[in-house]
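Listed below are the residues making up each chain.
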Amino acid sequence: MNVRAFLVRLYPPAWRSRYGDEFEALLEECLHSPLDVVDVALGALDAHLGFFNETNWRLWNMVNKHRTTILIVFAAYIAFVVGGLSLVGLLDDSPALKLMKTNAAISAAWTTIQVASVIALLAVIAGGTPLAVVVIRRAFMPSHSTLRMLLVPATAFLVLVLYGVFLASLGKGWLHLPGVLPTVSPEKFPIGNKLVLGGFMLVFILGAIASTAAVWKSIASLEEGTAPISAATANLSGVYRHAFILAVITSLAMLVMLIGTLVFGSLVHSVLPEWFSSNLGLLMIKTNLSYNITVTIMAMATLAGLFGVIRGFSVKKTA
Amino acid sequence: MNLSDFGHFSDPSLLILSSLADGPKHGYGMMVDIESMTGVHLGPGTLYGALARLEKSGLIQAIPSQDRRRPYQLTAAGIKALREQLSQLEKLASTGLKRLAQA
Numbered sequence: 001m002n003v004r005a006f007l008v009r010l011y012p013p014a015w016r017s018r019y020g021d022e023f024e025a026l027l028e029e030c031l032h033s034p035l036d037v038v039d040v041a042l043g044a045l046d047a048h049l050g051f052f053n054e055t056n057w058r059l060w061n062m063v064n065k066h067r068t069t070i071l072i073v074f075a076a077y078i079a080f081v082v083g084g085l086s087l088v089g090l091l092d093d094s095p096a097l098k099l100m101k102t103n104a105a106i107s108a109a110w111t112t113i114q115v116a117s118v119i120a121l122l123a124v125i126a127g128g129t130p131l132a133v134v135v136i137r138r139a140f141m142p143s144h145s146t147l148r149m150l151l152v153p154a155t156a157f158l159v160l161v162l163y164g165v166f167l168a169s170l171g172k173g174w175l176h177l178p179g180v181l182p183t184v185s186p187e188k189f190p191i192g193n194k195l196v197l198g199g200f201m202l203v204f205i206l207g208a209i210a211s212t213a214a215v216w217k218s219i220a221s222l223e224e225g226t227a228p229i230s231a232a233t234a235n236l237s238g239v240y241r242h243a244f245i246l247a248v249i250t251s252l253a254m255l256v257m258l259i260g261t262l263v264f265g266s267l268v269h270s271v272l273p274e275w276f277s278s279n280l281g282l283l284m285i286k287t288n289l290s291y292n293i294t295v296t297i298m299a300m301a302t303l304a305g306l307f308g309v310i311r312g313f314s315v316k317k318t319a
Numbered sequence: 001m002n003l004s005d006f007g008h009f010s011d012p013s014l015l016i017l018s019s020l021a022d023g024p025k026h027g028y029g030m031m032v033d034i035e036s037m038t039g040v041h042l043g044p045g046t047l048y049g050a051l052a053r054l055e056k057s058g059l060i061q062a063i064p065s066q067d068r069r070r071p072y073q074l075t076a077a078g079i080k081a082l083r084e085q086l087s088q089l090e091k092l093a094s095t096g097l098k099r100l101a102q103a
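From first to last, the protein sequence lines stand for chains D and E.
The letter at position 153 of the first sequence is residue 153 when you use the numbering used here, and the numbering goes up by one with no holes.
The letter at position 83 of the second sequence is residue 83 when you use the numbering used here, and the numbering goes up by one with no holes.
No lab work stands behind these hints: they were computed from the structure.
Be aware that one or more of the hints could be misleading.
Beyond 10 angstroms from chain D on every Cβ pair, some chain E residues (computed) [said to hold, decoys possible]:
{"no.": "1", "residue": "26"}
{"no.": "2", "residue": "43"}
{"no.": "3", "residue": "46"}
Only pairs whose alpha carbons sit at most 20 angstroms apart, straight line, appear in this in silico DMTMM-like list of lysine to aspartate or glutamate [what the hints assert, rightly or not]:
{"no.": "4", "chain 1": "E", "residue 1": "80", "chain 2": "E", "residue 2": "90"}
{"no.": "5", "chain 1": "E", "residue 1": "56", "chain 2": "E", "residue 2": "90"}
{"no.": "6", "chain 1": "E", "residue 1": "25", "chain 2": "D", "residue 2": "21"}
{"no.": "7", "chain 1": "E", "residue 1": "56", "chain 2": "D", "residue 2": "28"}
{"no.": "8", "chain 1": "E", "residue 1": "80", "chain 2": "E", "residue 2": "35"}
{"no.": "9", "chain 1": "E", "residue 1": "25", "chain 2": "E", "residue 2": "67"}
{"no.": "10", "chain 1": "E", "residue 1": "25", "chain 2": "D", "residue 2": "28"}
{"no.": "11", "chain 1": "E", "residue 1": "25", "chain 2": "D", "residue 2": "29"}
{"no.": "12", "chain 1": "E", "residue 1": "80", "chain 2": "E", "residue 2": "67"}
{"no.": "13", "chain 1": "E", "residue 1": "25", "chain 2": "D", "residue 2": "24"}
C-beta: ideal position from N, C-alpha, C; glycine also.
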């Protein structure tokens with residue numbers, strides 16, 4: 001399957017049956033850059049989330065342009081958090097921790113990452129809170145589907161907590177599973193423990209994806225089902241504008257964290273090359289591999305966030 | 001207040017409707033036309049997302065074609081909606097320019 005056919009397959013079947021053939025013909029003529037590929041992937045996501053249900057002329061004419069940027073940066077931030085947590089997991093109990101106290105350059109790189117992570121978190125909270133208030137208010141309006149959407153992150157969190165309790169029970173020896181040890185070490189890390197811990201990571205990642213999609217859908221549908229539409233949009237445009245500025249800050253903070261992580265990794269590698277070549281990565285895979293996966297997730301999330309911001313600014317520029 | 005707060009100017013849907021104002025075009029034709037008309041590059045995903053919305057809302061319609069590249073044209077409702085939008089923009093532009101000249 002070539003890239004174009006693969007990209008078309010990202011769209012929902014109903015959409016493909018109507019537009020698939022002509023869309024693939026268009027891609028044959030105009031798919032020139034990675035940005036076009038990202039644009040198609042985002043278009044597919046829009047189609048899955050039902051953006052094209054906005055059939056009302058007045059509604060789609062007033063859809064706030066900032067919204068897309070905010071949603072892209074939010075999804076990118078969640079992906080970045082997944083990468084950040086895997087970095088923290090990688091460093092947990094590692095010899096790199098000692099270096100943070102003894103090596104000034106490594107300490108500075110780590111401090112930069114921490115400061116940027118606090119800025120990103122504060123920006124997400126400051127930008128997201130007013131939107132969250134609107135979404136929650138709307139959720140309790142009669143016959144609005146937002147409440148169902150908000151149950152997704154709540155359920156994902158509950159499942160994660162239950163899995164955490166399950167892991168703790170195994171660790172404490174209250175539960176026994178064949179092939180799973182209560183405590184492990186790098187030398188003794190059976191496949192059963194890898195599966196159980198890998199399951200936790202999978203639940204976390206799937207929960208993050210489902211929750212992000214649900215929040216995306218909730219925010220995307222804010223202007224729907226209200227009358228008059230123009231008043232609802234006017235009320236939201238201020239909230240979106242505020243959140244857009246904070247989305248820019250979040251994306252820049254992600255970029256700083258990514259650069260900090262690359263510098264940090266390079267410095268640690270120069271001092272402790274043997275740690276990188278050992279099997280002390282997540283789930284006891286190669287440290288090198290674990291670090292590279294982490295950085296790749298962070299880089300992709302940062303690129304997505306910056307793409308969202310550039311897209312938002314380019315819209316402003318041409319307006 | 002930033003000009004972008006007025007919206008409309010770079011809305012992909014408005015760009016597509018404007019592109020179809022002088023006759024039917026297929027997707028790639030619209031992309032090229034919009035880029036030469038406004039300098040805005042619409043990505044393929046953005047273009048077809050907006051096309052799907054416009055078709056669903058009855059503002060444009062596909063023309064039967066033997067080619068895989070299906071052309072689209074404005075419907076009567078699309079012409080009316082585009083005329084209204086462009087009139088609003090024209091009014092806004094002329095008022096703004098008049099006021100700037102007086103300032």
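> Checking against the hints above, which ones are violated?
Replying inline: Hints 1, 2, 3, 5, 7, 8, 12 are the ones this structure does not satisfy, whereas the remaining hints hold.
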